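For the protein sequence lines, the chains are A and B, in the order given. As numbered in my numbering, the first sequence has no gaps in its residue numbers, which increase by one up to the final residue, 761. As numbered in my numbering, the second sequence has no gaps in its residue numbers, which increase by one up to the final residue, 1148.
No lab work stands behind these hints, which were simulated from the structure alone. Be a bit skeptical, because a hint or two may be false.
[As the list claims (entries may be wrong)] Simulated restraints, written as ranges between beta carbons of each label pair:
| no. | chain 1 | residue 1 | chain 2 | residue 2 | range |
| --- | --- | --- | --- | --- | --- |
| 1 | B | Ala1143 | A | Gly128 | 23 to 31 Å |
| 2 | A | Arg347 | B | Ala1146 | 55 to 63 Å |
| 3 | A | Pro418 | B | Glu937 | 54 to 62 Å |
| 4 | B | Leu1055 | A | Arg29 | 23 to 31 Å |
| 5 | B | Pro933 | A | Ser208 | 21 to 29 Å |
| 6 | B | Pro933 | A | Arg29 | 53 to 61 Å |
| 7 | B | Val1114 | A | Arg493 | 58 to 66 Å |
| 8 | B | Ala1146 | A | Pro202 | 39 to 47 Å |
| 9 | B | Glu937 | A | Arg83 | 26 to 34 Å |
| 10 | A | Pro418 | B | Pro902 | 28 to 36 Å |
| 11 | A | Asn368 | B | Leu1062 | 19 to 27 Å |
| 12 | A | Val352 | B | Asp1057 | 47 to 55 Å |
[What the hints assert, rightly or not] Pairs of lysine-lysine residues, derived as DSS-like cross-links and limited to a Cα-Cα distance of at most 30 Å, are as follows:
| no. | chain 1 | residue 1 | chain 2 | residue 2 |
| --- | --- | --- | --- | --- |
| 13 | A | Lys150 | B | Lys998 |
| 14 | A | Lys216 | A | Lys141 |
| 15 | B | Lys1066 | A | Lys150 |
| 16 | B | Lys1132 | A | Lys141 |
Bear in mind that the values here come from a model prediction, so they are computed numbers and not experimental data. Note that CB positions come from ideal geometry on N, CA and C, so glycine has one too.
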Amino acid sequence: MPDLLIELFSEEIPARMQTRAADDLKKLVTDGLVEAGLTYAGAAAFSTPRRLALSVEGLTAESKAVREERRGPKVGAPDQAIEGFLRGAGVAREDLEVRDDKKGQVYFAVIEKPGRMAADIVAEVLEKTIRNFPWPKSMRWGDGPLKWVRPLHSILCILRDDEGSDVVALDVDGIVSGNTTRGHRFMAPDVFSVSFLDDYEAKLKRAHVVLRAEERAEMIWHEATNQAFALGLEVVEDRGLLAEVAGLVEWPVVLLGQIDDDFLELPPEVLQTSMKEHQKFFSVRNPKTGRIERFVTVANMETVDQGATILAGNQKVLAARLSDAKFFWENDLRTVKTVGLEGMGAPLTDVTFHNKLGSQAERIKRIEARAREIAPSVGAKPDLAAEAARICKSDLSSEMVYEFPELQGLMGRYYAQAAGHDDVVAAACEEHYSPLGPSDDVPTAPVSVAVALADKIDTLTGFWAIDEKPTGSKDPFALRRAALGVIRLVLENRISIGIFEKLFLASASHVGRVWGGEDFGQLNEAFELLHANLPSELVSQFAEQAEKTVISSRGLDKPASTEREDVKFGMSKANDLVSFLHDRLKVFLKDKGIRHDIIDACIAMPGNDDLTLLVKRAEALAATLATDDGENLLQGFKRANNILTQAEEKDGVEYSYGADPKFAEEPAEKALFAALDAADAKIAPAMEAEDFNTAMTAMAALRGPIDAFFDAVQVNADSQVLRRNRLNLLSQIRKTCLSVADLTKIEG
Amino acid sequence: MAEKPRSFQEIILRLQTYWAAKGCAILQPYDMEVGAGTFHPATTLRALGSKPWAAAYVQPSRRPTDGRYGENPNRLQHYYQYQVLIKPSPPDLQELYLGSLEAIGIDASMHDIRFVEDDWESPTLGAWGLGWEVWCDGMEVSQFTYFQQVGGYDCKPVSGELTYGLERLAMYVLGVDHVMEMPFNDPQTPIALTYGDVFKQTEQEYSRWNFDLADTDVLLQHFKDAEAECQRILDAPAEDPKTGQKIIMAHPAYDQCIKASHVFNLLDARGVISVTERQAYIGRVRALAKMCADAFVQTEAGGAAA
């Protein structure tokens, strides 16, 4: 069984692409081999900055001959059909066989594919792989049409069996395959030949190239931690950086360097970010103080001075970088101390957040209003929440964040502390961006929560106002993330808050900017109704807010809208957003094992914009339905509901008139009356107290009486009086159950 | 290994000698204000079309926003780039480049030289390419790019472009910490001059003018004028009525594109261009660059049949 070794040697491959490229090489080649009829025992791919390599072991020496028969058109079929068949089958007309078939004479093509030698197949598959390689970005060079990530210089392709190693001949646009490669660019630039994987790997190592990325990473980590340990220090772990650095060197040489004392007072995150982003240095920390005191750089070179020149150069570059960082830090601190953090944020007036949603400064004003409004519901002092909101984006104007955008928020915290703000305010500067993803921590400090919610609600209502909702896979403004943020902030802090009202009021601050009297058409009637039910206080609060916005956005030449239209606008956006939040909530809860139909059953209930309440209800319902009583009650409910619905349809009336126990004949019927009364007496106060478990237990307890009722009683009795009374009784079952959750939404 | 160079100019002279020996035409700087060596028509326009090309030159470059009144050790509003463009890119371009480092005194066996991914894109030129920034002991000393597109055209063949930031590179080779202290000519010479002797005062003068005094109304007008003139030049019929020859004026038009680009940089330094406007201005310069590329590929130098 031959072994195959391939190496594609090129100019430096971007580190971030190497691992994926090695995997792709393995997949494309082995898939191609298998498709062509070869099998293999194992395969492994490798990458270094200048090469992708693949070893396939235990390859079959040739593919089996294949005979395939294809049924073609009938004899006498139009020429076109026959020619089409010939093309598809790749045979000539005279090679067709005529055979008898049930329906008459039919052409058959017999395609004989002889077995092929592994070398031929490998050559074909490799050339195809090279020409179609899925690099994230590829390029041409010189005057050829070939594309590769950077210029491809040589192809090593050998098959080895018991008789020895042979080059698999292939020629890709003038790059002819061979059995040779090169070592390290500077330390072993000469060409050498190899014959199989172990030989290849060993010779590479002699030529100062470590073939395996994980081995290079291991060498780096081991050496770095050893050197740090010798000084009583520790390397700050960073797997992403380790993988990247392992892709930047073929022969890792770890050097531990000094950071000038001048820079040790910088916040550790600044040191770390600056060193990592610009220089790919690891940070080395003093475990006693937590300070970053040294760095590790990984060179690709052994020198006679043991790296002294290299390290000196790196230290010099770092010093220049850190002087910049220090300069920014000191300037920022000076700014904060003279004009305060709010003053630092003054230039945000000129920074556009979105051309339809105004400047960052306008956005901050809106967030401030929202934060103040939300604060009491999350247990924060409104003044503190407003103060935090006013300064939470100020660091966007700092020199440090301009240089290192990834430090936004964190610098805000440092600068807020320097400016003498309360610690909870400073914390909110950093935490109000959270949670950024499904696994990111959710802030718990009330002021942070208030500002975080305010920030996300402004984002959602803003982009909803200008009709920039996410569609399909497109979500350029990360609105799904913002919605998930709202959901997690509310749920994980167990906040009880009517989100519709917040969204409605927040929409008011986008009125006028974007809204110039669109017609909400058929929705009008629904809105009239809803409008009438909105608390008048809420409407006037909305109007007041909208009024301010309209004034601030004058000059946009929008036709004036009436207050009534504005309110409709706000309601429409808020309603739509509540549905969006519900959709995201379903996705979120699905991951937590709560079915979407259970959530739907709860969304159908009043107060569904209190997400915490909604989830509490859904959890109680899920728990109830998981019990035997609950499951059977559901069936009983469905049966009652079906009979009732059919009767109502047939009779054209609604049986919601109170059933009368005096017409009850059967004991089971009487018992059900009593049970429903008892259940109602428990359910109503429990629902009032939002004690869903008690309510649902009471509901589930109806299972027995309902089952007994259906066993003993014929609903469609001959007596119209009895029938009507029983239907009304069913209606009472429905009413009682629906007061807990909309069980009609439950599937199964 | 050659002796270490002793001055800024010696490094430039060695690069000139090296690339001349490798067969490049040693051109002189373009006589207009540009932001980078790439803007020289010997790069931008000559990267287009099928004709082979090999040129190297120093290009004084201006970045008004980088002015620091001569105080910052590394930042200048006026600095030099060394630029090499070879079309088609030769297969040993990396080795040629490493040879040039050796020529200026960087011994590859003592340093850590690395090619680190860096994709190049010039929104104003409608150009992009793939390549690296070259690191020497952690410091970026050059940009190395294989041009893929210029002015919206696929580069066929592909040009290899090398750009050396001369001051930074020289400071490293000469072991100088502040650019103004770098010897410009041989420090042993009777009239030894530092970089500061030559440029400190101009850095101050231009920093002040760039940031505070440049007349923005005039500049805005210049921008419009350059844009209009570029358009007008390219709108002229290809056949010259006076000589009866086909003369497409790609280069004069491109001069106007360069001018517009530099005026935009000045306006940017004066802080009168908002974030949204910025994109619009870049788009307008790109449109000019695209038109000039369209014109150039119709000329003989651009590979059109004579």
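> Which of the numbered hints are not met once you compare them with the structure shown?
Replying inline: Failing hints, ascending: 1, 3, 4, 6, 7, 9, 12, 15 and 16.
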